[in-house]
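Number of protein chains: 2
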Amino acid sequence: MNETTITAQPGTPFIDIVREFDAPPALVFRAWTDPELVPQWLGASGTTTTLIEYEVVPGGRYSYVHRDRAGEHGFRGVFHTVVAGERIVQTFQYDGRPHDVSLETLIFEDLGGRTRVRTHAVFGSVDSRDAMIESGMEHGVRDSMARLDRLLTR
Amino acid sequence: MNETTITAQPGTPFIDIVREFDAPPALVFRAWTDPELVPQWLGASGTTTTLIEYEVVPGGRYSYVHRDRAGEHGFRGVFHTVVAGERIVQTFQYDGRPHDVSLETLIFEDLGGRTRVRTHAVFGSVDSRDAMIESGMEHGVRDSMARLDRLLTR
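Protein chains in written order, with my numbering: chain A, 1 to 154; chain B, 1001 to 1154.
Keep in mind the hints are simulated off the structure, nothing from the lab.
Hints are supplied without guarantee of correctness; some may be wrong.
[Stated by the list, open to error] From the derived model, a few chain B residues whose C-beta atoms are all more than 10 angstroms from chain A:
hint : residue
1    : T1005
2    : E1020
3    : P1024
4    : Q1040
5    : L1051
6    : E1072
7    : H1073
8    : V1101
9    : L1103
10   : E1109
11   : L1111
12   : R1114
13   : E1138
14   : A1146
[Said to hold, decoys possible] Here are a few chain A residues that face chain B, going by a calculated C-beta distance under 7 angstroms:
hint : residue
15   : G59
16   : R61
17   : V78
18   : V89
19   : V101
20   : L103
21   : V122
22   : G124
Quick caveat: nothing in here was measured; it's all calculated off a predicted structure.
Note that the Cβ used here is the ideal one computed from N, Cα and C, for glycine as well.
Kindly generate the complete structure, drawing on both the sequences and the hints.
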């Protein structure tokens, strides 16, 4: 069973997420970037995800809405770097906190048929990073990674 | 005489730049975003700046080249947030170090006919921030701010 590691060192503005998948980088990258596939895994269990925009090219924008029984939450960002199967650099914003934009670097590491995805997120301040942790993002990330794992091995 | 303050606290991934201008936010914002005006102030003295792209809208891209006697250097990024006269959130990359992307938040504060521009930049690591400081960016920033000051009071 693959596990998701989430690290947020106290006093830093960083969050690091590491997850391995039993599928090659080309497949993991496709699941991460194909607008047909993303709603099938992104979000906590019990959440419906609707993509509004999702154009994975430098300068492309994305936005999506998570809906659950409690309500809905919007997210958005732009893509700075896109190297197919290897690397994405993107901004990230939760519309409920539009002044807390973060920058995420995703690296798809080839483990020989398997893939390690490393996400490094950096926030504008330690407080902004702490607010994201306190929002309960950890639960959503772990659920999303487990759902993606199941999609890839289907 | 307005002065440029550049702060880079040791051990953090942040750079903060503060500068006041003797012009209202609408004018400062225009000089910052109009592709005709940007090459007139962006870059150290003795540098020629050529914009390749410069589309200041969310998802818009920018790229430009600084040329001096020593050679040329390319820079690029994408705009995440654009609120005219108030706020810009953008990514920033020096093409010589494409893995050191930073995220910049610019705030145009209205001082009543004058403007304070605050730039907060955050890097993926302290080392990446330190490398940017060591590249001599401070000289380029101070010259650019002084050139913009002269353009605005012309």
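Next on the checklist: Checking a non-interface call: every C-beta of chain A should be farther than 10 angstroms from the C-beta of L1051/B. Is that right?
Outcome noted: Non-interface label stands for L1051/B: nearest chain A Cβ at 15 angstroms, farther than 10 angstroms.
Next on the checklist: For V1101/B, is the shortest CB-to-CB distance to chain A above 10 angstroms, so the non-interface label stands?
Outcome noted: Violated, because the least Cβ-Cβ distance between V1101/B and chain A comes to about 5 angstroms, which does not exceed 10 angstroms.
Checklist entry - Once the shortest beta carbon distance from V122/A to chain B is found, is it less than 7 angstroms? => result With a closest approach of 5 angstroms, the V122/A hint holds.
Item to check | 10 angstroms cut-off, C-beta based - L1111/B kept clear of every residue in chain A | outcome: holds (21 angstroms)
Next on the checklist: A closest beta-carbon separation below 7 angstroms is what the hint needs, so does G59/A meet it against chain B?
Outcome noted: G59/A check passes; min Cβ-Cβ to chain B is 4 angstroms, inside 7 angstroms.
Checklist entry - Hey, does A1146/B actually stay past 10 angstroms from chain A on C-beta? => result Label holds. Min Cβ-Cβ 27 angstroms, cutoff 10 angstroms.
Checklist entry - Are all beta-carbon distances from E1072/B to chain A longer than 10 angstroms? => result Given that every Cβ of chain A is farther than 10 angstroms from that of E1072/B, nearest at about 21 angstroms, it holds.
Checklist entry - Does the interface hint hold: is V78/A within less than 7 angstroms of chain B, judged Cβ to Cβ? => result holds (5 angstroms)
Checklist entry - Minimum Cβ distance from L103/A to chain B below 7 angstroms? => result Cβ of L103/A sits 4 angstroms from chain B, so the hint holds.
Next on the checklist: At 10 angstroms, judged by beta carbons, does E1109/B keep clear of chain A as stated?
Outcome noted: Answer for E1109/B: holds, closest chain A Cβ roughly 14 angstroms.
Checklist entry - Per the CB criterion, is R61/A less than 7 angstroms away from chain B? => result Check passed: Cβ of R61/A comes within 4 angstroms of chain B, closer than 7 angstroms.
Item to check | Non-interface claim for E1020/B, where every Cβ of chain A lies beyond 10 angstroms | outcome: Non-interface label stands for E1020/B: nearest chain A Cβ at 22 angstroms, farther than 10 angstroms.
Hint check: violations occur at hints 8 and 9; the rest are consistent with the structure.
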